[in-house]
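**Q** Sequence:
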Amino acid sequence: MCGRITLKVVPGELAASFGLPVEPPLEPRYNIAPTEPVAAVREPAGELRRCDLLSWGLVPPWSRDPRIGAKMFNARSETVAEKPAFREAFAHRRCIVPVSGFYEWRRRGGRSEPHYFAAPGDGLLGLAGLWERWEYPGGDVLESCSVLTAPANRLMRRIHHRMPVILPEGSYERWLTTAADEVDRLTDLLVPAPDDALRTWPVSPAVNDARADGPELVEPVHDDPPDQLNLF
DNA sequence: CCAGACGTTGTT
DNA sequence: GTCTGG
DNA sequence: CCAGACGTTGTT
DNA sequence: GTCTGG
1 MCGRITLKVV PGELAASFGL PVEPPLEPRY NIAPTEPVAA VREPAGELRR CDLLSWGLVP
61 PWSRDPRIGA KMFNARSETV AEKPAFREAF AHRRCIVPVS GFYEWRRRGG RSEPHYFAAP
121 GDGLLGLAGL WERWEYPGGD VLESCSVLTA PANRLMRRIH HRMPVILPEG SYERWLTTAA
181 DEVDRLTDLL VPAPDDALRT WPVSPAVNDA RADGPELVEP VHDDPPDQLN LF
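Positions 1 to 232 (the working numbering) are the ones given, in order, by the first sequence.
Rather than coming from a laboratory, the hints here were simulated on the basis of the structure.
The reader is advised that the hints may include incorrect statements.
Said to hold, decoys possible - Pairs of lysine to any residue residues, derived as SDA-like cross-links and limited to a Cα-Cα distance of at most 20 Å, are as follows:
1. Lys8 to Glu36
2. Lys8 to Pro220
3. Lys83 to Trp105
4. Lys8 to Asn208
Claimed, not checked - With beta-carbon atoms standing in for the labels, derived distance ranges:
5. Asp223 to Tyr136: 42 to 48 Å
6. Ala15 to Gly109: 32 to 38 Å
7. Pro21 to Arg108: 43 to 49 Å
Computed from a prediction, not measured in an experiment: that's the story for all the values here.
Yeah, the Cβ is synthetic: ideal placement off N, Cα and C, and Gly gets one too.
Modelling step: build the complete structure from the supplied sequences, incorporating the hints.
**A** Structure, rendered in structure tokens:
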């Protein structure tokens, strides 16, 4: 799965990686949690590609309460085309969530150990996403998004059994612009990333607190020793 | 017909 | 909005 | 995802 | 245990 992400870019990097006409003004973030604003690249039909901040956690347009979004920050790629909450967004409103990396937690002996995942060379990754539009009773609009997940690859499996869908750079255009009646041809993209697409290392549990933010959160810490009973 | 769900993860 | 269950 | 609350009345 | 907030 994917429940925390980071996005730190040098000027020009986002535009270059995702083919944006203008570089969006984004502050570096090292701990973006569900319900928070997250960057999303979209390409509306006939318009320029753009990057906006959307609320992380998709709110279906028929929802009566936008707080449902807190549970909709991931969508299973295996079922996204059928699920009532996601299928319209999958057909018509796909996006790419640019990230520098993401965190996954390994559960061991009742403890939850955060690990960071990033690309070798620290380039940006493009996560497969969906977005949706929801209107408050007063007419204000909430745009929100969700990150697709796939089974873990070999690297990820040491930590967790699900992972975000990472799009190859060459498939960004196809992911963003495939017509609704052809989305069944996108399934080749909804797979675990190759093992060499990511590096990983353990990080401090300081990241557990969603209010924490800063470059120190992605610094490696020593791996805990394997579980053992210290009798003295 | 109306009522109620609509989601993922992890744990048992 | 649309589907499932009763 | 994890952390933290989980309640009401009345007063500031 | 379950929900809300970040």
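**Q** In this structure, is the beta-carbon distance linking Pro21 and Arg108 contained in 43 to 49 Å?
**A** Given a distance of about 46 Å, which is inside 43 to 49 Å, the answer is holds.
**Q** For Asp223 and Tyr136, compare the CB-CB distance with the range 42 to 48 Å and indicate the outcome.
**A** holds, 46 Å
**Q** Sort out whether Trp105 lies within 20 Å of Lys83, counting only the CA atoms.
**A** violated, 26 Å
**Q** Hey, Lys8 versus Pro220, does the alpha-carbon distance stay inside 20 Å?
**A** holds, 17 Å
**Q** Starting from Lys8, check that the Cα of Asn208 is at most 20 Å away, please.
**A** Cα-Cα ~19 Å, so holds.
**Q** Taking the CB of Ala15 and the CB of Gly109, does the distance hold inside 32 to 38 Å?
**A** For Ala15 and Gly109 the Cβ distance comes to about 45 Å; the hint is violated.
**Q** Between the alpha carbons of Lys8 and Glu36, is the straight-line distance 20 Å or under?
**A** Cα-Cα ~16 Å, so holds.
Of the numbered hints listed earlier, those contradicted by the structure are 3, 6.
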